[in-house]
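Heads up: the sequence lines are chains V and L, in that order. At the far end of the first sequence sits residue 343, using UniProt numbering, and the numbering has no gaps. At the far end of the second sequence sits residue 343, using UniProt numbering, and the numbering has no gaps.
Bear in mind the hints are in silico, worked out from the structure with no lab data behind them. Just to be clear, a hint being listed does not mean it is correct.
Copies of the same chain look alike in the list, so a pair counts if it fits in one copy or across any two.
Stated by the list, open to error - No more than 27 Å apart at the CA atoms, straight line, and that leaves these computed lysine-lysine pairs for DSSO-like:
#1 Lys77 with Lys64
#2 Lys25 with Lys277
#3 Lys112 with Lys277
#4 Lys64 with Lys277
#5 Lys49 with Lys96
#6 Lys147 with Lys277
#7 Lys308 with Lys112
#8 Lys64 with Lys219
#9 Lys176 with Lys49
#10 Lys77 with Lys176
#11 Lys277 with Lys77
#12 Lys147 with Lys64
#13 Lys208 with Lys147
#14 Lys51 with Lys219
#15 Lys96 with Lys208
#16 Lys208 with Lys86
#17 Lys77 with Lys51
#18 Lys200 with Lys64
#19 Lys308 with Lys64
Number of protein chains: 2
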Amino acid sequence: MESDMSTSTTTSNREVHLHSRPDGKPSPSDFKLITSELSPIVEGEFLVKNKWMSVDPYMRGRMKDGESYVEPFQIGKSLEGGCIGKVVESQNSEFKEGDYVLGNLGWREYWKSNGEGVAKIDANLAPLQAFLGVLGMTGMTAWVGLKRVAELQPGCTIFVSAASGAVGSIVCQIAKANNCQVIGSAGKPEKIEWLQDVAKVDAVINYKETNNLSDALGKAAPDGIDVYFDNVGGDHLEAALDHLNDFSCVVCCGMISTYNATEPSAAPRNLFKIIGKRIRMQGFIVRDHMHDRDDFLREMTTLIRDDKIHWEETVTDGLENAADAFIGLFDGDNLGKSLVRIK
Amino acid sequence: MESDMSTSTTTSNREVHLHSRPDGKPSPSDFKLITSELSPIVEGEFLVKNKWMSVDPYMRGRMKDGESYVEPFQIGKSLEGGCIGKVVESQNSEFKEGDYVLGNLGWREYWKSNGEGVAKIDANLAPLQAFLGVLGMTGMTAWVGLKRVAELQPGCTIFVSAASGAVGSIVCQIAKANNCQVIGSAGKPEKIEWLQDVAKVDAVINYKETNNLSDALGKAAPDGIDVYFDNVGGDHLEAALDHLNDFSCVVCCGMISTYNATEPSAAPRNLFKIIGKRIRMQGFIVRDHMHDRDDFLREMTTLIRDDKIHWEETVTDGLENAADAFIGLFDGDNLGKSLVRIK
Chain V
1 MESDMSTSTT
11 TSNREVHLHS
21 RPDGKPSPSD
31 FKLITSELSP
41 IVEGEFLVKN
51 KWMSVDPYMR
61 GRMKDGESYV
71 EPFQIGKSLE
81 GGCIGKVVES
91 QNSEFKEGDY
101 VLGNLGWREY
111 WKSNGEGVAK
121 IDANLAPLQA
131 FLGVLGMTGM
141 TAWVGLKRVA
151 ELQPGCTIFV
161 SAASGAVGSI
171 VCQIAKANNC
181 QVIGSAGKPE
191 KIEWLQDVAK
201 VDAVINYKET
211 NNLSDALGKA
221 APDGIDVYFD
231 NVGGDHLEAA
241 LDHLNDFSCV
251 VCCGMISTYN
261 ATEPSAAPRN
271 LFKIIGKRIR
281 MQGFIVRDHM
291 HDRDDFLREM
301 TTLIRDDKIH
311 WEETVTDGLE
321 NAADAFIGLF
331 DGDNLGKSLV
341 RIK
Chain L
1 MESDMSTSTT
11 TSNREVHLHS
21 RPDGKPSPSD
31 FKLITSELSP
41 IVEGEFLVKN
51 KWMSVDPYMR
61 GRMKDGESYV
71 EPFQIGKSLE
81 GGCIGKVVES
91 QNSEFKEGDY
101 VLGNLGWREY
111 WKSNGEGVAK
121 IDANLAPLQA
131 FLGVLGMTGM
141 TAWVGLKRVA
151 ELQPGCTIFV
161 SAASGAVGSI
171 VCQIAKANNC
181 QVIGSAGKPE
191 KIEWLQDVAK
201 VDAVINYKET
211 NNLSDALGKA
221 APDGIDVYFD
231 NVGGDHLEAA
241 LDHLNDFSCV
251 VCCGMISTYN
261 ATEPSAAPRN
271 LFKIIGKRIR
281 MQGFIVRDHM
291 HDRDDFLREM
301 TTLIRDDKIH
311 WEETVTDGLE
321 NAADAFIGLF
331 DGDNLGKSLV
341 RIK
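All chains, full assembly: derive it from the sequences and hints.
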């Protein structure tokens, strides 16, 4: 029987498809878990079983048609994203069975590759999933934003929105390690506590308990702010513009407040302040800076060894729950890096 | 009689006071023409009779209380601004009777000075009033924005809003002289004609005759734009963000669309595009770049000599009409530089 033959060569694979383009906030019905067959590897290829996958706000952009800087996801096709897996079968001399690898084919159990765009990772250096977070894309996004975009100077005052998130939490701690004053905003008491007790930022704002975010920021930063690390956009950017100093900088990393907007988002209504204050607003994406990855890894592992960086993970178990983990990002469910562990 | 004595020593002076802070668009009643007496000059001082004064959109910011990057104008005190005058009396060896000078005490007939912040001008080089425009603050604003902020590269595509205005008209022509593709927007047929026939820009948009500014810009710049020189903000900035290329730049020079806003201005609602396109938005003000003034004057006089720069002036006669000239800026009345000639 043909099915007997294929048992040994093809792989039954569960994967999450984009079922429909979300209108506003994504809903579970926009995703569909399906089972497919992965054809056998050929010479030069290897087969990976995913252990971890990342869910990140930027993926929302790829769910729109033609709206983002990376190719949009296709309806009826698998989603993609950062993942860590183990090589379980190989006909490639560089990637051996048992190797752990970092790839971009999350949202599925198995994938195969010829090695292009795949990196081996040293499982002795840190827990596997750290290579999706503090030592991966989110950690490097924090580092690039501060070191390469803001050109952070010791002693400056920095405001970080979504400060307990995957990127924000690392931003806060790199800035503290560089002797900066750090003000973080978040929307839940446990996040505020973490920022105070673990990240040890200088001031915190619970924006959900604040009537006037600009006033709250003004009180937290009476001498103004020199860098605003923006993960949120909207009202946070507006508040920051009120208190940014002359010749200051806005690192435009994310604007999660606008990603699900079906109506055009309002604000910031005070953008004209960019002129008088000679503000530089700079957008960036981490993949333009991959030539700096060695510098990043060296600095970040040193910071971790010196106990300067702590990180949290919000782990969801099971590929079947990946869509919920993603959707939860927009409810502020996560503290630190959101991950899905795949059995 | 005391009045006889003072006739020879004090000067009867007409000046325009800020009578009330404008609410929204300034109205004539916000200004008051008064007559005062200027006390006699003393050793080291000189007396100037103004010949020309400048009206500029940025002055609107100074009419708000504490809202701008320069000290706000005070109610019941004279307004200030760029002016050209002639020294009519002097006890200062560097400024002699008959010298023409550039100062910042417009909105009045006479002023005195010890020379601080005052520059002599060479009346042989260009018409006097050019030192308030193409060879003055507005021309230098255009030059600094392109050369120092955008770091303009030959061959790039640039979009200029308020393109026939004092700054925009010079921006367009410097960019053309640097072999750039230039798209200009303006709101009146005679401005559009001037941009086509005199500034010789590559494409024009009459934004008042356009239902969808973003679509119009997309048609004018099918390959996208590399620099947006923003004098307007609001809908123009939003349209530009739609069509800016990756790694492009927004020179934030002015946002006249928001200056009179009593309600917070909406837009740009697509600011998140700054991230994916890695856009740099940079605010600037010309006075930070005064160390470059010699470079500016050398380059600009060369461009003028080579017939690369033409300029227009919208002249209003009489100090008593200065407020109307200023208010007209917000109606788009002016082509090129708005000036008031003082008898």
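Could you figure out if Lys77 and Lys176 sit no more than 27 Å apart (CA to CA) within one copy, between two copies, both or neither?
neither (42 Å within a copy, 47 Å between copies)
Using 27 Å as the alpha-carbon threshold, which applies to Lys200 and Lys64: within, between, both, or neither?
Intra 37 Å, inter 40 Å, cutoff 27 Å: neither.
Status of Lys96 relative to Lys49 across identical chains (alpha carbons, at most 27 Å):
Within one copy only: 13 Å inside, 87 Å across.
As a check of your reading, is Lys96 near Lys208 (CA-CA no more than 27 Å) within one copy, between copies, both or neither?
Intra 50 Å, inter 65 Å, cutoff 27 Å: neither.
Indicate which option fits the pair Lys147, Lys277 if close means a Cα-Cα distance not exceeding 27 Å: within, between, both or neither.
Both ways: Lys147 and Lys277 sit 22 Å apart in one copy and 20 Å across, limit 27 Å.
Please work out whether the CA atoms of Lys112 and Lys277 approach to 27 Å or closer within one copy, between two copies, in both situations, or in neither?
neither (51 Å within a copy, 31 Å between copies)
With 27 Å as the alpha-carbon cut-off, assign the pair Lys208 and Lys147 to within, between, both or neither.
neither (30 Å within a copy, 44 Å between copies)
Under a CA distance limit of 27 Å, which applies to Lys25 and Lys277: within one copy, between copies, both, or neither?
between (35 Å within a copy, 23 Å between copies)
My question is about Lys64 and Lys277: at a cut-off of 27 Å on alpha-carbon distance, are they close within one copy, between copies, both, or neither?
between (35 Å within a copy, 16 Å between copies)
Since the copies are identical, ignore which copy is meant and state whether Lys308 and Lys112 lie within 27 Å (CA to CA) inside a copy, between copies, both or neither.
This pair counts as neither: shortest intra-copy Cα distance 37 Å, inter-copy 61 Å.
Intra/inter-copy verdict for Lys51 and Lys219 if alpha-carbon distance must be at most 27 Å:
neither (45 Å within a copy, 48 Å between copies)
Checking an output row: Lys277 and Lys77, CA cutoff 27 Å. Within, between, both or neither?
For Lys277 and Lys77, only the inter-copy Cα distance (26 Å) is at most 27 Å; the intra-copy one is 47 Å.
In the structure shown, a violation is registered for the earlier hints numbered 3, 7, 9, 10, 12, 13, 14, 15, 16, 18 and 19, in ascending order.
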